[in-house]
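Protein chains in written order, with my numbering: chain S, 1 to 282; chain X, 1 to 426; chain H, 1 to 271.
Misleading hints may appear alongside valid ones.
As the list claims (entries may be wrong) - Keeping only pairs whose Cα atoms sit at most 16 Å apart, straight-line, the calculated EDC-like set for lysine to aspartate or glutamate is: (1) H:57 x X:46; (2) H:180 x H:170; (3) H:46 x X:173; (4) X:288 x H:158; (5) X:288 x H:35; (6) X:266 x S:126; (7) X:339 x X:99; (8) X:302 x X:215; (9) X:89 x S:8; (10) H:94 x S:5; (11) X:42 x H:232; (12) H:94 x S:126; (13) X:266 x H:35; (14) H:98 x S:8; (15) X:65 x X:323; (16) H:180 x H:162; (17) X:65 x X:326; (18) S:202 x H:158; (19) X:405 x X:238; (20) H:98 x S:185; (21) X:266 x X:215; (22) X:169 x X:283; (23) X:352 x X:326; (24) S:137 x X:187; (25) H:57 x X:48; (26) X:352 x X:121; (27) X:221 x X:419; (28) X:42 x X:121.
Because the hints were derived from the structure by calculation, they are not lab data.
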Amino acid sequence: MNSREKGDKFIIPALIMLSCVTIYPVLYVFYLSLQRRLLIFDISRFVGFENYLFLFRDDRFWNALKNTAYFTVASVSLELFLGLSIAVLLNRPFRLRGLTRAVILVPWAIPTVVSARMWEWVYNTDFGILNFIIGSKINWLGSPFWAIHAAIFMDVWKTTPFVAILLMAGLQVIPHELYQAAKVDGAGSWTTFKRITLPLLKPVILVVLLFRTLDAFRVFDAVYVLTGGGPANTTETLSIYAYKVLFQTLQFGYGSTLSVVVFLCIGSISIFYIKLLSRGIK
Amino acid sequence: MFYKLVAKFLFLFLFFLVLSCSQKGDNSGGRSTITLVFKHGKIAGDPELFRQIIDRFEIENPGIKVKDEVLPASTDEQHQFYVLNLEGKSPEFDVLSMDVIWVPEFARARWIKDLSHLLTDVERSDFFPGPMQAVTYRGRVYAVPWYIDAGVLYYRKDLLRKYGFPPPKIWQELVTIAQSIIMREPDMYGFIWQGKQYEGLVCNVLEYFWSNGGDILEEEKLVLNSSENISALQFMRDLIVKYRVTPPLVITAIEEPTRHIFGNGKAVFMRNWPYALNIFEREGSAIKGKVGVSALPSFPGKESASTLGGWQLGINNNSRHPEEAERLIRFLTSPEVQKALALTVGYKPSRKSLYFDKDLIRVQPFLIQLHDIFMKVRSRPVTPYYMMITQVIQPEFSASLSGIKTPEEALNSAQRQIEHIFQVEK
Amino acid sequence: MTKRISFYLLLIIAILYCLCPLLWQFITSLKPDYELTRIPPILPEKPTVAHYISIFKGYPFSRIILNSTIVAASTTIFSLIVGSLCAFGLTKLKVRYKAIILGFVLSVSMFPPIATVSPLYIIIRSLGLRDTWWALIITYTTFSLPLSIWILTNFFKEIPDEIYLAARIDGCSPFQAFQKIILPLSGPGIFTTAILVFIFSWNEFLFALTFTSTPNSRTIPVAIALFQGIHEIPWGDIAAASVTVTVPLVILVFVFQRRIIEGLTAGAIKS
Numbered sequence: 001m002n003s004r005e006k007g008d009k010f011i012i013p014a015l016i017m018l019s020c021v022t023i024y025p026v027l028y029v030f031y032l033s034l035q036r037r038l039l040i041f042d043i044s045r046f047v048g049f050e051n052y053l054f055l056f057r058d059d060r061f062w063n064a065l066k067n068t069a070y071f072t073v074a075s076v077s078l079e080l081f082l083g084l085s086i087a088v089l090l091n092r093p094f095r096l097r098g099l100t101r102a103v104i105l106v107p108w109a110i111p112t113v114v115s116a117r118m119w120e121w122v123y124n125t126d127f128g129i130l131n132f133i134i135g136s137k138i139n140w141l142g143s144p145f146w147a148i149h150a151a152i153f154m155d156v157w158k159t160t161p162f163v164a165i166l167l168m169a170g171l172q173v174i175p176h177e178l179y180q181a182a183k184v185d186g187a188g189s190w191t192t193f194k195r196i197t198l199p200l201l202k203p204v205i206l207v208v209l210l211f212r213t214l215d216a217f218r219v220f221d222a223v224y225v226l227t228g229g230g231p232a233n234t235t236e237t238l239s240i241y242a243y244k245v246l247f248q249t250l251q252f253g254y255g256s257t258l259s260v261v262v263f264l265c266i267g268s269i270s271i272f273y274i275k276l277l278s279r280g281i282k
Numbered sequence: 001m002f003y004k005l006v007a008k009f010l011f012l013f014l015f016f017l018v019l020s021c022s023q024k025g026d027n028s029g030g031r032s033t034i035t036l037v038f039k040h041g042k043i044a045g046d047p048e049l050f051r052q053i054i055d056r057f058e059i060e061n062p063g064i065k066v067k068d069e070v071l072p073a074s075t076d077e078q079h080q081f082y083v084l085n086l087e088g089k090s091p092e093f094d095v096l097s098m099d100v101i102w103v104p105e106f107a108r109a110r111w112i113k114d115l116s117h118l119l120t121d122v123e124r125s126d127f128f129p130g131p132m133q134a135v136t137y138r139g140r141v142y143a144v145p146w147y148i149d150a151g152v153l154y155y156r157k158d159l160l161r162k163y164g165f166p167p168p169k170i171w172q173e174l175v176t177i178a179q180s181i182i183m184r185e186p187d188m189y190g191f192i193w194q195g196k197q198y199e200g201l202v203c204n205v206l207e208y209f210w211s212n213g214g215d216i217l218e219e220e221k222l223v224l225n226s227s228e229n230i231s232a233l234q235f236m237r238d239l240i241v242k243y244r245v246t247p248p249l250v251i252t253a254i255e256e257p258t259r260h261i262f263g264n265g266k267a268v269f270m271r272n273w274p275y276a277l278n279i280f281e282r283e284g285s286a287i288k289g290k291v292g293v294s295a296l297p298s299f300p301g302k303e304s305a306s307t308l309g310g311w312q313l314g315i316n317n318n319s320r321h322p323e324e325a326e327r328l329i330r331f332l333t334s335p336e337v338q339k340a341l342a343l344t345v346g347y348k349p350s351r352k353s354l355y356f357d358k359d360l361i362r363v364q365p366f367l368i369q370l371h372d373i374f375m376k377v378r379s380r381p382v383t384p385y386y387m388m389i390t391q392v393i394q395p396e397f398s399a400s401l402s403g404i405k406t407p408e409e410a411l412n413s414a415q416r417q418i419e420h421i422f423q424v425e426k
Numbered sequence: 001m002t003k004r005i006s007f008y009l010l011l012i013i014a015i016l017y018c019l020c021p022l023l024w025q026f027i028t029s030l031k032p033d034y035e036l037t038r039i040p041p042i043l044p045e046k047p048t049v050a051h052y053i054s055i056f057k058g059y060p061f062s063r064i065i066l067n068s069t070i071v072a073a074s075t076t077i078f079s080l081i082v083g084s085l086c087a088f089g090l091t092k093l094k095v096r097y098k099a100i101i102l103g104f105v106l107s108v109s110m111f112p113p114i115a116t117v118s119p120l121y122i123i124i125r126s127l128g129l130r131d132t133w134w135a136l137i138i139t140y141t142t143f144s145l146p147l148s149i150w151i152l153t154n155f156f157k158e159i160p161d162e163i164y165l166a167a168r169i170d171g172c173s174p175f176q177a178f179q180k181i182i183l184p185l186s187g188p189g190i191f192t193t194a195i196l197v198f199i200f201s202w203n204e205f206l207f208a209l210t211f212t213s214t215p216n217s218r219t220i221p222v223a224i225a226l227f228q229g230i231h232e233i234p235w236g237d238i239a240a241a242s243v244t245v246t247v248p249l250v251i252l253v254f255v256f257q258r259r260i261i262e263g264l265t266a267g268a269i270k271s
């Protein structure tokens, strides 16, 4: 290891790019989060951690946090399960495999705004195809129970391809010899999956989990278009709440505080994943 | 090798950067003509028709060019766009079209110019009183009403006639009529409206509050949890669960789904904006010629009311060409242009006199009825706090409609939260 | 035999699950307005191409597709170049504070975009890049870098250090080793990353909405949002537009999939 050359020059372009574009915005959000800033009333003053203290009294924040956590856990775990199944399924050789893989990617290729509109239509109580197929009259987006699950289902549909294609790429780098050796030893397909596929796929799975969690925790436009946070804020996620506070009511200070909280939550989740990841590699 | 590649990469990058900047420079090179930028939501129908109107302005005003830049029609996206630009003191657009609820907010923030001098008293009286009130903040006028919108009641003329009912004037009548028609007509809803958690829900709910003598603000005083409001909100919930004339699907509905249901002939009554009328009368519509429009009903002994919508034109405070921008606003809100817009895209003029215009009435005879409704139109609270208020009341109204909270709980909770908001200036 | 049948059955379910909503979009796009909200029948009674005609008429839709293609393609290329260099440095060379760097890279995608859009907009405007492709390319490249770097790091790690060291002993500079050995060996990872980044930039809405203002630079998601009227939502047109923009993407993905399989055979050398 010590004999290696320095690699600084290879990473500098990326670091410069990231710093130039993101450092100012990120610091600015932190700065705003310590301010009481209501531009329309000419209020702009430093208040320290007052905004952060207000979080504890803000029921709407806790509700949004709860919704976000539920949404993230449910959608990410479903996506991982479905994505892994599809990846394993498509990893065997069969005719038209390339085409099938392309098809699998379609949901991810449709712009989020469009797919949210599309699902809104699918979920429609009266002329939605979902109720037509299962022969029910369920008010998917209007019932406080179903709305969040309808949003989760849409997100699962939309982002499973992301999970599947990454896992497929991960499966491809597992050497064939290992499978053949397992076969020679007389291992069944479940044992092979558990003993060979899963352990070797673990780093990729963790990267997938990491990025899916990052995205799901920040989910905004899909749910916003689908339900607007309703009914009765049962689908209001942290990002939606932050959006409303920032751009609807123009409370830039508190809106930034909410964003910083999202950042901190994601940060701690990421550290947890990365710990797992580095342990997996050693 | 490596450095060479990075250098090439950087060079390419800078090259395009310079290229794109220099293009910008070329455009603003000519000093003789002024280019006004006009931002507005998408105009319905063929974009060519609106361009022709703009062309006329350019001919009448040599030396001024107008670039009209369309924004997505979603009001949230427009609000976000304007906030980002106006807060950043962007001079990149001159004239902007605003939803009626933004005017006091933008005026309070000094993002838009005072336009009081633009309208004489005589001219002001030509506009409907509702929009005029909505563009006035602390006695000054900050925008000119461009076109008007208001909640109206759609009903099935043919069905009401068949069963011998007149259009309802009282909410309870509407319930009775709807109940008796859906009993005899299979597969129909009684009365549909917009109940999704969004701005349109507030418009709907306010119509019940007002028509029961309630309101949100009375002379700056918050009266949200009054008994009038509580019983009005309870009535809305009752429409769904007690009288069963309204299907639960309205809890997620915005304008379009309700318009489609009614347009398919599946509902007796609908609350919506006047835009749907033009669509119902199109070729191929299932209910062509079967639709009637009237003012919304009221509670017994109270006045009917409908919520004001529509768009207003204002000038960016950082505009470099305020005088030319004023000329453009004058032109766009003139009777001639409003008439042209009404004829081509069906926008409802904000000037009263046009509702007696012979050419217009011949093509759109329902305008006379709309005139009376627009005279009684009421605006949502005209206060810079409005956007904060609506963020509080939307989920509370939604909670009460979906049965999570009783109307009283919802309104008490909203009252408390808004009282807290009102302390921000202190 | 039953195993085969159940395999194909599962496959068909997976395909239907992914395709059904799009198929529904396609059917919707062929329905005339007044048929949109009638169900049954599922299929249009009088199929029409009116919606396809109307999205190209009166709106420079081909220009919009061009914008999206250029923005997404450039983003993909930049993100891959910068990202793979960085990932190579991090995996095969000595870099101090590796964990901190990776954490910093990742932290970029921890803020909700809605919070950073406002200050970013001010940067873009002061650079004079408003309403240009560059505004979007720079932003997207930056925001896709964490994903590229993390995925590529993972794939580069899979390549045994011995292969890299052998190349160095044969006289390759680190960059040559990267270009001639590491890159070809990690085909699947690179193409996967390319597709993910491409689609991310193709679909992004919030920044595109804020940084663009005319058809000169508008991308597809914003253009589709523009179809909507103040109250009216022309569902048929939106469906037609989304089918139109999805088809080239599917073709593209299909083409790239073949390359991935090629990349796979290249990767087989290593074992």
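Review point. Going straight from one Cα to the other, do residue 202 of chain S and residue 158 of chain H come out at no more than 16 Å?
Key: It holds: about 12 Å lies between the C-alpha atoms, which stays within 16 Å.
Review point. Straight-line Cα separation of residue 42 of chain X and residue 232 of chain H no greater than 16 Å?
Key: 11 Å, holds
Check your understanding: Does the alpha-carbon distance linking residue 352 of chain X and residue 326 of chain X stay inside the 16 Å limit?
Key -> 22 Å, violated
Check your understanding: Is residue 288 of chain X within 16 Å of residue 35 of chain H, Cα to Cα?
Key -> Holds, at about 15 Å.
Check your understanding: Given the hinted pair residue 266 of chain X and residue 215 of chain X, is their alpha-carbon gap at most 16 Å?
Key -> 32 Å, violated
Review point. Can the restraint linking residue 46 of chain H and residue 173 of chain X be considered satisfied, given a maximum Cα separation of 16 Å?
Key: Violated, at about 40 Å.
**Study point:** Given hint residue 8 of chain S paired with residue 98 of chain H - CA-CA distance at most 16 Å
**Key:** Holds. Residue 98 of chain H to residue 8 of chain S sits at ~10 Å (cutoff 16 Å).
Review point. Does residue 42 of chain X pair with residue 121 of chain X here, judged by a C-alpha cut-off of 16 Å?
Key: 31 Å, violated
Review point. Would the pair residue 169 of chain X and residue 283 of chain X pass a check requiring their Cα atoms to be no farther apart than 16 Å?
Key: Cα-Cα ~31 Å, so violated.
Check your understanding: Holds or violated: residue 339 of chain X with residue 99 of chain X, Cα cutoff 16 Å?
Key -> Distance of about 20 Å is beyond 16 Å: violated.
Point to revise | 16 Å Cα cutoff - pair residue 288 of chain X, residue 158 of chain H | key: It is violated: about 67 Å lies between the C-alpha atoms, which goes past 16 Å.
Review point. Hey, residue 137 of chain S versus residue 187 of chain X, does the alpha-carbon distance stay inside 16 Å?
Key: Between residue 137 of chain S and residue 187 of chain X the Cα gap is close to 13 Å, so the pair holds against 16 Å.
Violated hints for the displayed structure, listed by number in ascending order: 3, 4, 7, 9, 12, 20, 21, 22, 23, 28.
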